[in-house]
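Colleague: These protein sequence lines are chains Z and U, in that order. Anchor point for the first sequence: position 95 equals 95 in the numbering used here, and the numbering is continuous, going up by one each time. Anchor point for the second sequence: position 203 equals 203 in the numbering used here, and the numbering is continuous, going up by one each time.
Heads up, a few of these hints could be off.
Stated by the list, open to error - Which chain Z residues face chain U? A few, computed with CB under 8 Å, are given here:
hint : residue
1    : Leu157
2    : Leu211
3    : Met212
Unchecked claim - Short derived list, chain U residues pointing at chain Z, Cβ under 7 Å:
hint : residue
4    : Val120
5    : Asp122
6    : His162
7    : Val207
Read the hints as simulated data drawn from the structure, not as lab findings. Cβ coordinates follow ideal geometry from the N, Cα and C atoms, glycine included.
Protein chains: 2
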Amino acid sequence: MLVAVLGTGMVGQAIAGRFDELGHQVYVGTRDPVATMIRTEPDHLGNPPFPAWHEQHPEARLATYADAAAAAELVVNATPGAVSLQVLEAAGAEHLDGKVLMDISNPLVFTPGGPPTLFVKDDDSLGEQIQRAFPGARVVKALNTVNATLMAHPALLAGGDHSIFVCGDDAAAKAQVTEVLTSFGHTDVIDLGDIGASRGVEMYLPVWLRLMGALGTSRFSIKVVR
Amino acid sequence: MLVAVLGTGMVGQAIAGRFDELGHQVYVGTRDPVATMIRTEPDHLGNPPFPAWHEQHPEARLATYADAAAAAELVVNATPGAVSLQVLEAAGAEHLDGKVLMDISNPLVFTPGGPPTLFVKDDDSLGEQIQRAFPGARVVKALNTVNATLMAHPALLAGGDHSIFVCGDDAAAKAQVTEVLTSFGHTDVIDLGDIGASRGVEMYLPVWLRLMGALGTSRFSIKVVR
Numbered sequence: 001m002l003v004a005v006l007g008t009g010m011v012g013q014a015i016a017g018r019f020d021e022l023g024h025q026v027y028v029g030t031r032d033p034v035a036t037m038i039r040t041e042p043d044h045l046g047n048p049p050f051p052a053w054h055e056q057h058p059e060a061r062l063a064t065y066a067d068a069a070a071a072a073e074l075v076v077n078a079t080p081g082a083v084s085l086q087v088l089e090a091a092g093a094e095h096l097d098g099k100v101l102m103d104i105s106n107p108l109v110f111t112p113g114g115p116p117t118l119f120v121k122d123d124d125s126l127g128e129q130i131q132r133a134f135p136g137a138r139v140v141k142a143l144n145t146v147n148a149t150l151m152a153h154p155a156l157l158a159g160g161d162h163s164i165f166v167c168g169d170d171a172a173a174k175a176q177v178t179e180v181l182t183s184f185g186h187t188d189v190i191d192l193g194d195i196g197a198s199r200g201v202e203m204y205l206p207v208w209l210r211l212m213g214a215l216g217t218s219r220f221s222i223k224v225v226r
Numbered sequence: 001m002l003v004a005v006l007g008t009g010m011v012g013q014a015i016a017g018r019f020d021e022l023g024h025q026v027y028v029g030t031r032d033p034v035a036t037m038i039r040t041e042p043d044h045l046g047n048p049p050f051p052a053w054h055e056q057h058p059e060a061r062l063a064t065y066a067d068a069a070a071a072a073e074l075v076v077n078a079t080p081g082a083v084s085l086q087v088l089e090a091a092g093a094e095h096l097d098g099k100v101l102m103d104i105s106n107p108l109v110f111t112p113g114g115p116p117t118l119f120v121k122d123d124d125s126l127g128e129q130i131q132r133a134f135p136g137a138r139v140v141k142a143l144n145t146v147n148a149t150l151m152a153h154p155a156l157l158a159g160g161d162h163s164i165f166v167c168g169d170d171a172a173a174k175a176q177v178t179e180v181l182t183s184f185g186h187t188d189v190i191d192l193g194d195i196g197a198s199r200g201v202e203m204y205l206p207v208w209l210r211l212m213g214a215l216g217t218s219r220f221s222i223k224v225v226r
């Protein structure tokens with residue numbers, strides 16, 4: 001499959017790398033490919049610069065957001081929530097029309113001295129904002145409830161015996177994303193319903209952040225016991 | 001132990017019943033004990049009226065919020081979030097001073113035609129509001145992430161192999177609540193830190209509600225896999 005992963009950070013690298021490993025043709029979308037390819041410093045979180053990742057994944061192609069989205073059958077939004085709408089605007093509504101758009105973003109606001117908050121919540125969500133802004137895209141919210149490693153390689157934790165969620169308005173799109181997640185190693189993909197359920201999975205972030213603090217690691221997940 | 005459970009609804013009955021089963025002396029707090037004892041109709045959710053519960057638990061004593069709180073060593077807020085601050089006001093700050101106050105409430109607003117929303121969230125929480133309003137109480141948020149049956153009898157689901165959370169500013173109070181939860185059958189009590197973590201467990205409600213819809217039951221929980 002031809003996949004565009006928008007975003008070159010930790011999440012983008014993890015997802016693009018996983019698609020590449022699984023034999024898909026991957027286009028990694030970025031604002032300015034030249035600028036991205038001459039980075040030599042780790043990002044502010046200490047993640048390796050994109051060129052180091054690219055050396056490990058030489059078959060993946062770096063392109064502008066628009067070129068990546070235009071080439072792809074499936075588009076993944078792996079950008080920070082605060083810039084996701086702008087990035088998708090740059091990708092171009094015409095390049096998203098009719099395509100499955102897997103949205104991993106979280107609407108987090110990082111404030112010094114306090115816990116992150118959400119810039120949209122409760123009566124709306126980023127997943128819904130994206131679907132409204134790009135009505136031709138078939139948005140499926142997924143994967144935002146675990147760290148980048150577990151998004152891509154869930155089997156690294158308890159052999160994959162934990163749960164992940166999808167939601168969206170298009171049943172066929174959700175089925176396709178569920179197939180992708182299963183190919184990644186996710187064993188329990190729960191369909192939460194329409195894109196409005198993005199509110200729920202995005203508002204899960206504050207307890208995820210507290211759990212990370214309590215457990216001293218981001219390598220954890222939840223299993224829905226029923 | 002002398003326990004006051006404030007609230008006579010589904011959650012209050014489940015928690016008071018569990019304490020009673022375990023041999024504690026239980027005071028159930030209500031606004032107007034006479035009015036509560038002459039109820040003959042199920043509540044708006046179809047739960048049996050309090051007198052039916054009381055027949056099964058004759059040793060539990062019904063009292064005003066204030067009398068129940070005054071008598072107790074440990075106080076449980078099992079009232080709907082929308083009225084919790086008023087109920088605790090009626091119980092009386094002087095009867096809460098120095099006591100462990102286990103807060104189960106959720107700040108839900110039920111609106112016709114849409115999903116419930118939260119009347120406080122993200123930069124504050126009901127748990128924090130209660131702690132600020134009653135600075136002498138040792139507030140521990142707990143149990144708000146599962147239904148009433150699983151709060152009281154977690155072993156009914158997967159033998160109790162799922163997780164529950166506590167948070168609060170007083171370590172000894174959290175230890176006491178953890179002991180209570182363990183006596184109920186909770187096998188994995190996770191301390192999320194100070195009372196600010198109430199934001200996280202309260203904002204979990206929207207995904208809980210979606211899961212209830214997807215699974216067709218409220219008898220589910222999550223296990224934190226790490």
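Colleague: Determine for every hint whether it applies to the structure shown.
Modeller: So, going through the hints one by one against the coordinates:
no.	hint	in the structure
1	Leu157	holds, 6 Å
2	Leu211	holds, 6 Å
3	Met212	violated, 10 Å
4	Val120	violated, 10 Å
5	Asp122	holds, 5 Å
6	His162	holds, 4 Å
7	Val207	holds, 3 Å
Checked against the numbered hints above, the structure violates hints 3 and 4; every other hint is satisfied.
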